[in-house]
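K.L.:
Listed here are the chains, written in short residue letters.
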Amino acid sequence: EAAVTQSPRSKVAVTGGKVTLSCHQTNNHDYMYWYRQDTGHGLRLIHYSYVADSTEKGDIPDGYKASRPSQENFSLILELASLSQTAVYFCASSDRGREQYFGPGTRLTVL
Amino acid sequence: AQSVTQPDARVTVSEGASLQLRCKYSYSGTPYLFWYVQYPRQGLQLLLKYYSGDPVVQGVNGFEAEFIKSNSSFHLRKASVHWSDSAVYFCAVSSSNTNKVVFGTGTRLQVLP
Chain G
1 EAAVTQSPRS KVAVTGGKVT LSCHQTNNHD YMYWYRQDTG HGLRLIHYSY
51 VADSTEKGDI PDGYKASRPS QENFSLILEL ASLSQTAVYF CASSDRGREQ
101 YFGPGTRLTV L
Chain L
1 AQSVTQPDAR VTVSEGASLQ LRCKYSYSGT PYLFWYVQYP RQGLQLLLKY
51 YSGDPVVQGV NGFEAEFIKS NSSFHLRKAS VHWSDSAVYF CAVSSSNTNK
101 VVFGTGTRLQ VLP
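Sequence order for the protein chains is G and L. Under this note's numbering, the first sequence has 30 at position 30, and the numbering climbs by one with no breaks. Under this note's numbering, the second sequence has 93 at position 93, and the numbering climbs by one with no breaks.
None of these hints come from the bench; they were simulated from the model. One should not assume that every hint holds.
To be verified - DEER-style ranges, computed between Cβ atoms:
(1) L:Pro113 to G:Glu79: 19 to 27 angstroms
(2) L:His82 to G:Asp53: 40 to 48 angstroms
(3) G:Glu79 to L:Tyr39: 29 to 37 angstroms
(4) G:Lys18 to L:Asn99: 24 to 32 angstroms
(5) G:Val14 to L:Ser3: 45 to 53 angstroms
(6) G:Asp59 to L:Arg108: 19 to 27 angstroms
(7) L:Ser70 to G:Ser7: 43 to 51 angstroms
(8) G:Ser10 to L:Ser52: 37 to 45 angstroms
Said to hold, decoys possible - Negatives, chain L to chain G, calculated, CB over 10 angstroms:
(9) Glu15
(10) Ser70
(11) Asp85
Glycine included, every Cβ here is placed at the ideal spot set by N, Cα and C.
This is chain L alone, in the form it adopts within the complex:
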């Protein structure tokens, strides 16, 4: 069965600092991997996605993630965060032959000015 683990419920960083949000998945086949962001009182928005190819994928607003198959991880990174990055971030996994997407429980990011 598919599963996604986001071990950090909350992360607090200072503006301008680098960021890594952790995501580990469990899936027996070839996964599709996603990061979504949710701002207050809004729906989820796609940050980036990985289907195949280059394991480092670029997303919007300077975010990137790296698919490491040997570690079953898909951590999200940003070199320098801005206060507007404060939000909840969800990692998710699916595949070409599944009907459902499995979401992690989310990581709430707070960026201190």
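One chain only, chain G, in its complex shape:
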């Protein structure tokens, strides 16, 4: 079965610190995505990638960087974490335009 895993599952970070969220997929999908979800809200796209070593900006990229070192792995980097980045972050993978497979999420709290 298709699988997307995320690590860590939860993290507490300090304001101004660096945070790296990792995502790994075994679906052999070209596309990978990072979303954030704020309490009681829908999903917002931060970055995505459709090929290794290349990333694209989503709808809310400010304050975030992404890295796709291989087809299987996709990281989200917060260089200077801020209070406003407290949220749940989801990674997903898919073929182009097709259904997305989501990871379990990473709950990030910035203090």
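Chain G is already provided as a structure; the job is to place chain L on it using the hints.
P.N.:
Using the frame of chain G, we list chain L on its own:
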């Protein structure tokens, strides 16, 4: 530009009742349409999808949806809900020539026992 509207932020029904969650989309080409479900503290899971063909698609756990092109709608239905169906439901649209999926804002379903 693509967009998805889920007009009902919250829906409450009694167990055993029928259900319809509404979804309207805006897309100029041929859409791919999806419904996802999110249980508390979990990621989104695919309920059903429409790519082409029969406009009525069946999903998991007795859910179905109908693509009505003339109305730009893709409403989700279930004949008889169970308390375990309580969750947040997201409608989404994409296509074969787009890199991104557009999600609606979600409908929180509460099923009363």
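K.L.:
Each of the hints needs a verdict: does it hold here or not?
P.N.:
Here is what the structure says about each hint:
Distance hint for Pro113 (chain L) and Glu79 (chain G): a CB-CB separation of about 48 angstroms, inconsistent with the stated range 19 to 27 angstroms. For His82 (chain L) paired with Asp53 (chain G), a C-beta distance near 46 angstroms keeps the hint of 40 to 48 angstroms intact. Between Glu79 (chain G) and Tyr39 (chain L) the C-beta distance comes to about 33 angstroms, which sits within the given range of 29 to 37 angstroms. For the pair Lys18 (chain G) and Asn99 (chain L), the supplied restraint of 24 to 32 angstroms holds, since their beta-carbon distance comes to about 28 angstroms.
The hinted range of 45 to 53 angstroms is not satisfied by Val14 (chain G) and Ser3 (chain L), whose Cβ atoms lie roughly 38 angstroms apart. In this structure the hint that Asp59 (chain G) and Arg108 (chain L) lie 19 to 27 angstroms apart at CB holds, the actual value being about 22 angstroms. A C-beta distance of roughly 46 angstroms is found between Ser70 (chain L) and Ser7 (chain G), which places it inside the suggested range of 43 to 51 angstroms. Between Ser10 (chain G) and Ser52 (chain L) the beta carbon distance is about 40 angstroms. The supplied range of 37 to 45 angstroms therefore holds.
Interface exclusion of Glu15 (chain L) from chain G stands, the closest Cβ pair being 24 angstroms apart, more than 10 angstroms. Interface exclusion of Ser70 (chain L) from chain G stands, the closest Cβ pair being 23 angstroms apart, more than 10 angstroms. Its beta-carbon lying about 19 angstroms from the closest one in chain G, Asp85 (chain L) satisfies the requirement of being farther than 10 angstroms from that chain.
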